[in-house]
Amino acid sequence: MLTKQLICIYLMVSIPGAPGAPHVAAAGGNWPQFRGPHGNGLASCPGDPKPLGLPLHWSETENIVWKTSIPHVGWSTPVVMNGRIWFTSATLKGHDFFVICVDADSGEIRLNKKVFHADDPEPLGNPINSYASPSAVVEPGRVYLSFGSYGTACLDTETFEVLWTRRDLPCRHLRGPGSSPILFENLLILTMDGVDVQYLVALDKATGRTVWKTDRTAQWNDLGDDGKPIAEGDLRKAYSTPLIIDAGAERQMITVGAKALYGYDPADGRELWKVRTPAYSGAARPVYGDGIAYMISGFGKTELLAIRVDGSGDVTDTNVVWKINRSVPRTPSPVLVDDLLFTINDTGIVMCLEAATGKEVWKESIRGNCAASLLCADGRIYAFNRDGKATVFKAAREYEVLATNKLDSGFMASAAASGRTLFLRTKTHLYRIESDK
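For the sequence shown, the working numbering gives the first residue as 1, with consecutive numbering after it.
The hints are simulated quantities; they were obtained by calculation from the structure and are not laboratory data. For clarity, every value in this text was computed on a predicted model and none was experimentally measured. Here a beta-carbon is modelled for each residue, glycine too, at the ideal position from N, C-alpha and C. Hints should not be assumed to be uniformly reliable.
What the hints assert, rightly or not - Using C-beta positions, here's what the derived DEER-type ranges look like:
| # | residue 1 | residue 2 | range |
| --- | --- | --- | --- |
| 1 | Pro170 | Pro123 | 17 to 27 Å |
| 2 | Ala356 | Asp105 | 40 to 50 Å |
| 3 | His117 | Tyr399 | 26 to 36 Å |
| 4 | Pro170 | Tyr399 | 40 to 50 Å |
| 5 | Asn369 | Pro123 | 14 to 24 Å |
| 6 | Asp196 | Asp268 | 22 to 32 Å |
| 7 | Asp268 | Val65 | 37 to 47 Å |
| 8 | Lys394 | Arg110 | 34 to 44 Å |
| 9 | Asn82 | Thr207 | 21 to 31 Å |
| 10 | Asp204 | Pro127 | 29 to 39 Å |
Hey, can you work out the whole structure from these sequences and the hints?
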């Protein structure tokens, strides 16, 4: 794995667009994108002798600094920068789409702005997704948000002015959008894996202009003689968010699509490698360490695969180090802590695996359905379920529950951490939670 020292250096010095910077800014307790500074669910360095001090215990009457009601509906994770919290929301039936900004100190809503309208949104047709599931990404001076094909926008974080929008990126999501936008150097990268089309597109983050567009190359087995799908459905869709990694001397973007897992050059969208899978509707974001990408394929035949990222072309038969299909998540993303990989599946089964081999170290059940991704800080794993229960256990080779906490409404969004603070979005409220110790 990456050494503890190297991970800590990354967390302290990463700057958007800087040569070799692995991700968006990580200074000052910011949580600038889905799953944190590096998109991997790590809020602090493994083994750091100076813990963040995130709260271990909370309830509706304990360790809550403020609680703010959230207008409308959305499962996007809050992102945090310079004392402001950003997230998206939408009306229940998807006619209007909003960006919301909350003051981190007071919990006051500073902005609740409608940015897009849809006359005839397609019904979600499922109880899991929302019309505002993709998380925003923020950097100094700018916040970027996407509602998939319903619209993408860039706002000034000080004036709240809309700087540019795009509504001409087609994709029939069928069950709503899910992939979050990411930043790479001067690019905002979007994932459009729909029923009809499947592609990635990079926009100039200053103007919104298209810089590159790359179609997925998965092979479909549902085509008629005319080359079109015989029946529409889920088999071509995916919801996962890409991850930018440092793979030796080059940068890569690893991403889950329907029927395949991919590595791309994020600068120009060129496909570098591909692993074929039978699965679809993948939602979990990959994690990465020591030359290995850990990727979850999706529904249909759900597998967790460890893939060497040094290959070229179709590497299905050459670069898969190991794979498992037992108790694998479909929705929540895992965390990689030193030489251990921790997962939680959609029904609350938690596993600890040896990252090098896939060997099961332990497996337990914390009960309850889960959609939120795991968070790791201070040697602890935080797991959140759809009923509002949060279980905290040790990030270790022996399973030990440290705390069980409960809020009134359930978690669909993943947690955000900022300094010693947790920002938790439930189905109805946003909380600021801190320990009084």
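Worksheet item: Between Pro170 and Tyr399, is the Cβ distance one that fits in 40 to 50 Å?
Response: Holds: the Cβ-Cβ distance is about 46 Å, inside 40 to 50 Å.
Worksheet item: Would you say the C-beta atoms of Ala356 and Asp105 sit inside 40 to 50 Å of each other?
Response: holds (44 Å)
Practice prompt. With 37 to 47 Å as the target window, see if Asp268 and Val65 comply at their CB atoms.
Written response: holds (45 Å)
Item to complete: Given the hint of 17 to 27 Å, check if Pro170 and Pro123 actually sit that far apart at their C-beta atoms.
Response: holds (18 Å)
Practice prompt. Check the following: the C-beta atoms of Asp196 and Asp268 are separated by a distance inside 22 to 32 Å.
Written response: holds (25 Å)
Discussion item. Within 34 to 44 Å: is that where the Cβ-Cβ distance between Lys394 and Arg110 falls?
Written reply: For Lys394 and Arg110 the Cβ distance comes to about 38 Å; the hint holds.
Item to complete: Could you say whether the range 21 to 31 Å given as a hint is met by the Cβ separation of Asn82 and Thr207?
Response: About 23 Å separates the Cβ atoms of Asn82 and Thr207, which means 21 to 31 Å holds.
Fill in: Assessment of proposed distance window 14 to 24 Å (beta carbons of Asn369, Pro123)
22 Å Cβ-Cβ, so the 14 to 24 Å window holds.
Item to complete: With respect to the beta-carbon atoms only, verify the hint that His117 and Tyr399 lie 26 to 36 Å apart.
Response: Once the Cβ atoms are compared, 48 Å apart, the range 26 to 36 Å for Tyr399 and His117 is violated.
Discussion item. Quick check: does the Cβ-Cβ distance between Asp204 and Pro127 fall within 29 to 39 Å?
Written reply: holds (37 Å)
Checked against the numbered hints listed earlier, the structure breaks hint 3 alone; every other hint is satisfied.
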